[in-house]
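Sequences are here, hints too, so could you generate the full structure?
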Amino acid sequence: MTDNAKAMVLGSFLGDSLALGVHWIYDQGLIAQTHGRLDGLKAPAPGSYHATRQAGDFTHYGDQALLLLQCVADKSGFDPADFSSRWRAMFEGGYTGYVDRATRNTLSQLAAGWEPLDAGSASDDLSAAARIAPLVYAYRDNLEALIPACRTQAAMTHNNGKVLDASEFFARTTHAVLSGSSPIDAMTAALEGRFPGSPLHGWFKQGLDAASEDSILAIARFGQSCHVDGAFQSVVQLIARHQGAPAEALVDSAMAGGDSAARNMIVGMVLCAQSGIGGIPQDWLGALAKKDEIEALLARLG
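Quick note: the sequence shown, position 54, residue 53 per numbering that gives the first Met the number 0, numbers continuous.
Derived pair list, reagent style DSBU-like, types lysine-lysine, alpha-carbon separation capped at 30 Å: (1) Lys74 with Lys290; (2) Lys74 with Lys289; (3) Lys5 with Lys74; (4) Lys41 with Lys289.
Source of the hints: derived by calculation from the structure; they are not laboratory data. Please read all numbers here as calculations on a predicted model, not as lab measurements.
Pasting the structure below:
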């Protein structure tokens with residue numbers, strides 16, 4: 000399991016970095032015209048949301064996931080107070096990447112004296128559920144500790160029930176895939192008997208029912224935005240359509256436009272938990288700017 004667990008983390012970070020060059024471009028035709036079909040990690044265009052970044056870097060989602068990995072490695076587990084303190088220091092200490100609305104709202108509430116576990120924004124963006132790969136790695140042998148850790152870290156910036164449920168759903172899914180389940184079976188089992196009354200059940204069916212469709216067209220239909228309603232279905236569709244083929248899934252997601260980084264972090268996590276790092280082109284991995292740091296942090300966790 001250890002090799003696939005490492006691949007799971009690297010696949011999540013690679014997904015974010017692959018999306019960097021086209022993140023939040025909603026015009027699918029423009030992406031295709033500019034890049035053809037993506038074949039590697041690209042730099043963002045001048046004037047984009049991530050203009051300060053280079054090819055192989057992360058979006059602000061990947062930066063937060065890396066911070067989470069650093070925290071978990073230093074503490075040998077998830078310490079919410081430590082994560083909150085470092086997260087706040089990163090964004091208030093001259094951060095040069097993009098600062099989204101959920102981050103600004105959370106920072107404002109922390110500055111007003113709210114406790115870290117209460118200060119999360121009400122945002123329904125999927126991104127908080129997308130940064131959980133470090134926790135899945137750290138608690139891959141302890142599901143009972145993994146679930147509250149994933150829900151808590153999400154709530155600290157996105158205190159929205161649908162986002163917390165999505166975080167738990169994808170944590171359970173990835174844990175089961177690492178244990179040998181297929182991604183579709185793992186997603187099915189993650190829902191069984193859980194999340195009563197949640198829209199996740201209907202969203203999962205919609206995504207699974209679309210597994211035979213072209214992913215780029217399906218994502219356009221579900222919605223390309225950051226919101227969990229739409230993004231969740233798209234992630235399910237990508238995973239179900241591309242079992243065993245993480246690179247193809249990540250490229251399809253990036254070519255589909257919109258909030259491809261959040262989708263990619265989850266898709267890369269789940270599908271690389273199944274395929275191992277062999278499912279990702281080696282030139283992508285070699286171009287990942289923080290590869291050595293990520294591997295060193297994982298080695299500390301064991």
